[in-house]
Amino acid sequence: AQTVTQSQPEMSVQEAETVTLSCTYDTSESNYYLFWYKQPPSRQMILVIRQEAYKQQNATENRFSVNFQKAAKSFSLKISDSQLGDTAMYFCAFNHNSGGYQKVTFGTGTKLQVIP
Amino acid sequence: KAGVTQTPRYLIKTRGQQVTLSCSPISGHRSVSWYQQTPGQGLQFLFEYFSETQRNKGNFPGRFSGRQFSNSRSEMNVSTLELGDSALYLCASSLAFSPTYNEQFFGPGTRLTVL
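Residue numbers (the numbering used here), protein chains in the order written: chain A, 5 to 120; chain B, 3 to 117.
Hints may be right or wrong, so weigh each one.
[What the hints assert, rightly or not] DSBU-like, lysine-lysine: derived pairs with alpha carbons at most 35 Å apart:
(1) B/K15 to B/K59
(2) B/K3 to A/K59
(3) A/K115 to B/K15
(4) A/K59 to A/K107
(5) B/K59 to A/K115
(6) B/K15 to A/K107
(7) A/K74 to A/K115
(8) A/K59 to B/K59
(9) A/K74 to A/K59
(10) B/K3 to A/K115
(11) B/K59 to A/K82
(12) A/K59 to A/K115
(13) B/K3 to A/K82
(14) A/K82 to A/K59
Please keep in mind that the hints were generated in silico from the structure rather than gathered at the bench.
Whole structure, please, built from the sequences with the hints as guidance.
Below, the structure is given as C-alpha cells:
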C-alpha cells in the first residue's frame, strides 16, 4: 500500500522568510502525481501545486516550489517570502492508478504558522 | 462555476444515532470522494463514487456507507454513531478523465460532533 509521511507536525516561519515542508512517500508505481494542498483555518482545502512523476523539472507556482527527488521518494514544498495568509495546514498527497482507477493518499499534514 | 457544496456544515448527534451528509460536486465532475479528517490522522479515505458506482473504498467499518445519484450528487451515511466518529467530513469532486491524474476540489466539510 502507498504511504505518505509528513514528519513535521508543526512549523513556524517569520513573515518574508522561506520555509520548507517535508514529505516522503512509498510506492512501487512509476507513474503518479504528487500534490500539496493548503487548508487555511476554517476554510476550504485548495490545491497549491502539483508534480507529475515523469517530469524531472520541479514545479513552481509563484512563491511555491517543490523539490521532487523521485529516487529518494521525496517531495518537499518551499514557500518563499512567507505571508500571513500562508498560515494553514499543508497536506502532501499522492495520486496513482489502483486497479484501473485513481486513488489519492494524504499525509497527516503540517501546521504552518507565519509569524508577523 | 459554483464550487463543491456540503450540507449541513455542522451536526451534533448522540451515540447510536445515524447521520446523512450531502455533497454536491462541481458541475460536470463525475467523481466524488469522501474523507474523514481528524487531528493527527490527516485525511482518511472513505470511498469514491463515479457514475453512481463505488469504485474505491477505504478501511472503514460497514457503518459507513454512501451513494451517488445520477446528477453526481453524493450522500454518505453513518449508522450507530460512536464518539470516535466525531470529525470533519470532507467531500471532493474531480473530472476523473484520466486513470492517473485526479485534481480534487474540496468542499468546506461537515463538522460532525458525536456526544
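Status of each hint after checking the structure:
| no. | hint | result |
| --- | --- | --- |
| 1 | B/K15 to B/K59 | holds, 25 Å |
| 2 | B/K3 to A/K59 | holds, 30 Å |
| 3 | A/K115 to B/K15 | holds, 29 Å |
| 4 | A/K59 to A/K107 | holds, 20 Å |
| 5 | B/K59 to A/K115 | holds, 28 Å |
| 6 | B/K15 to A/K107 | holds, 31 Å |
| 7 | A/K74 to A/K115 | holds, 25 Å |
| 8 | A/K59 to B/K59 | holds, 30 Å |
| 9 | A/K74 to A/K59 | holds, 10 Å |
| 10 | B/K3 to A/K115 | holds, 30 Å |
| 11 | B/K59 to A/K82 | holds, 33 Å |
| 12 | A/K59 to A/K115 | holds, 28 Å |
| 13 | B/K3 to A/K82 | holds, 30 Å |
| 14 | A/K82 to A/K59 | holds, 18 Å |
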